[in-house]
Each structure stands twice: as structure tokens, then as C-alpha cells.
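Q: Given next are the chains, with one letter for each unit.
There are 4 protein chains.
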Amino acid sequence: MKVIVDLCVVPMGVGVSVSKYVAQCQQILEAAGLKINLHAYGTNIEGEWDTVFTAIRRCHTVIHDMGAPRITTTIRLGTRTDREQSMEDKVDSVKAKINR
Amino acid sequence: MKVIVDLCVVPMGVGVSVSKYVAQCQQILEAAGLKINLHAYGTNIEGEWDTVFTAIRRCHTVIHDMGAPRITTTIRLGTRTDREQSMEDKVDSVKAKINR
Amino acid sequence: MKVIVDLCVVPMGVGVSVSKYVAQCQQILEAAGLKINLHAYGTNIEGEWDTVFTAIRRCHTVIHDMGAPRITTTIRLGTRTDREQSMEDKVDSVKAKINR
Amino acid sequence: MKVIVDLCVVPMGVGVSVSKYVAQCQQILEAAGLKINLHAYGTNIEGEWDTVFTAIRRCHTVIHDMGAPRITTTIRLGTRTDREQSMEDKVDSVKAKINR
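Protein chains in written order, with our numbering: chain A, 1 to 100; chain B, 101 to 200; chain C, 201 to 300; chain D, 301 to 400.
Hints were generated in silico from the structure; no laboratory data involved.
It is possible that part of the hints are untrue.
Residues of chain B clear of chain D, computed beta-carbon distances all greater than 10 Å [to be verified]:
no., residue
1, 148
2, 161
3, 172
4, 174
5, 182
6, 184
7, 188
8, 189
9, 195
Computed Cβ-Cβ distance ranges for the label pairs, DEER-style [to be verified]:
no., chain 1, residue 1, chain 2, residue 2, range
10, B, 165, A, 15, 42 to 52 Å
11, C, 230, A, 86, 38 to 48 Å
12, B, 117, D, 399, 46 to 56 Å
13, C, 269, B, 137, 25 to 35 Å
14, B, 166, C, 251, 32 to 42 Å
15, C, 288, D, 369, 14 to 24 Å
Mimicking BS3-like on lysine-lysine, the simulated pairs with C-alpha atoms at most 27 Å apart in a straight line are [what the hints assert, rightly or not]:
no., chain 1, residue 1, chain 2, residue 2
16, D, 390, A, 90
17, C, 295, B, 135
18, D, 320, A, 2
19, A, 35, D, 395
20, C, 220, B, 120
21, C, 235, C, 295
No experiment lies behind these values; they were computed from the predicted model shown.
Note that CB positions come from ideal geometry on N, CA and C, so glycine has one too.
Work the whole structure out from these sequences, hints included.
A: Here it is as C-alpha cells:
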């Protein structure tokens, strides 16, 4: 099953700056061969369900290993059976409907 | 790895009432042996990472099979390595700090 | 406009335990006269849009004043025009459809 | 209070394609003078708390007026008092820490 995910990982107990943990996460997702797009409040991910969630689990494992005792993550997750749709398709579909 | 999850599954393209899909989801989570607690905007789940995400994947598969062409789901997901904490512990911990 | 909200406030930069901040939040929401229900990964809130978001803003202000330099919050938020629905109605509607 | 928000609005009961509603939302946010960035699973928004939430409320009102009887929205929302940080700063901060 193909999924489009939006992932936001928040390490807790490591102070106010968490960018190094998020950067590590990006590299894990890329190493898993996933299509990703970083934005200001998360990362879009496109791929097969099991590949995506195995990679997210690895993000948690590695961030704990880096010293974060607690992680709270939020995920949006979409699947559809009516048609194929990529991350770019989703953005293009909205942009095409904005009246200029 | 143990996780506490908050899950909210939203079937799209099936009209305004989605409770029968959410009820189906509850039964899938229970059948997986997970500890769950339904609230007004989602379901708390406690269990092992793989058991939880296999069950959530099954929710998507079954809801699609029930006729929903599209599903958008949101998940909050917490892991910690500093100590064991159950769903009840989390609620109790807050309640103990409310000044009456 | 009436809303049902699910709120999860995460103070950052204050260590691993955040329950005293969440407890403070509960008291702010109650003091605003809102109907609330605490669960293991957030708080259900029912009320008028402006009352709810004024209270959530106050939660951020007070938690910063308590010493948290950064807060990341997640909100689910539902409105409907087809009919009145309370938090209890939502839970009952799902429970009525679970086959026992 | 300045906020960075990630907004995902999901109209329900209007079929499977919701891009025209999201496009309408984009225009409301822009008309409010907010800095926004559309991605594949939501929209980043930067602005003053009240301006942002007044615009989000207007999105709900307008989408209901367009015929959607029900809307479920998810929001991530960050505030900080330790320093100024823009949406670009957040992305740059992560990218600077990715080892190439």
C-alpha cells in the first residue's frame, strides 16, 4: 500500500534546539530510498507503507541513541484506492484551482 | 519498542458520517490485543511498535475494503527510554498536579 | 461557530516531564468555562470557536511565563453545519456501531 | 505573539477531491497578509496569533458556505520566546546539519 505521510518528530529533554535530530531523521528517510520534502513544520514522505514506517521507527531508535530520553511525533498519513497521486500531484492540484 | 499512540482515522468520499468505520477500527485494534481508549477525537493505543502499526495498517486496508476510496489519518506517537509509562500514568500525572 | 477540539501542548526546553504545564492548561480551559476531557495524549474541548482559541492562546502565554522557552502544540478541530454534536455524541455514535 | 503554524483542512461529505476547498483557503490566508507555503500535506503559515486564527476561522466559514457540511482540521503550532525564528530559518537550520 502506497502512502503519503507528513512527519514531525519532536525530541524532548534535550533543550530547545532540535534541528540536529531532525537532520538525522532526514538522512534515515533518504537512506531508506524514500522521496522526501522538508518544510518548516515537518517532512513530506512518499513510499510504500512498510518502508515508511520502518524508517520512522528507525528515526525514533536513532534519536534515542543520540541521547533524547523522550520523543513525541505527529504524523498525517493518506492512502487512496481510487487513483495514483504523488506529492507533486497534490500540490499541483491545489495550485491549479487558485484564481489569479 | 513500546509506544503510546493517539489515532484519528478519517475516511473520505463516504459522506459525513464515519462512525461505522471508526467502530471497525476499534475492533481491529482490540483484536490485535492492544490496550485502547476511545475519546471524542481519536483513540489512545498502548503497545509494541510493530503490533500497533500493523493494526493501523489493517485499519486502512479494511476501511478501503468497506468502500472508502480515500483515508486521511493523524497520529500522535510517543516513545521514551527514561522510564515505563502507561496511558493511565500519563493522565494520573497531570491530574495529580491540578490544584483544587 | 461551535467547535470540538483535541489539544496537545508540548513545552520544550524544560526537561522530560511536562505534566505540570499540562495541568496548568487544564485549569485555564476550565476557568474559561469550556467542557473538557483529559485523555492520555491530549484534551478534548467543546465550546465556541473564539472562547476555545482565546483559552489556547492563554495556555501558550502562561506556559511561556512558567519558564518554557518554546512550545509545540497539535490541534485537531472539527466543525459541522449539518447538525449539533457533542463530545459524548461522538463517542456514543462509535460505540453503538461496535458489534459485540 | 508570533506563531508558525502548519494547517491541514479536510472537508468531509463533499466527495474524494478537496483541492478546490484547499485552494480557497490559500487565498483567504494570503488575503490576510500571512506568509504561507503550500506543501503536499498542508500549508505552513507565519504571522501574529490573532491574524492567523482569524484567517483559519474564516477558512472554516467559507468552506461550509461552499457546501461542505463537516470539516476536520489539524494544526501544528509553535511559539518561542527565546528568539525570533522564521519558516526559512527552521528549514535552513535542519539543512545546515545534514552531513553531505
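Q: With reference to the structure, classify each hint as holding or not holding.
A: Cross-check of the supplied hints:
no.	hint	result
1	148	holds (26 Å)
2	161	holds (18 Å)
3	172	violated (6 Å)
4	174	violated (5 Å)
5	182	holds (24 Å)
6	184	holds (28 Å)
7	188	holds (26 Å)
8	189	holds (25 Å)
9	195	holds (25 Å)
10	B:165 to A:15: 42 to 52 Å	holds (46 Å)
11	C:230 to A:86: 38 to 48 Å	holds (45 Å)
12	B:117 to D:399: 46 to 56 Å	holds (49 Å)
13	C:269 to B:137: 25 to 35 Å	holds (32 Å)
14	B:166 to C:251: 32 to 42 Å	holds (37 Å)
15	C:288 to D:369: 14 to 24 Å	holds (20 Å)
16	D:390 to A:90	holds (23 Å)
17	C:295 to B:135	holds (16 Å)
18	D:320 to A:2	holds (24 Å)
19	A:35 to D:395	holds (16 Å)
20	C:220 to B:120	violated (37 Å)
21	C:235 to C:295	holds (21 Å)
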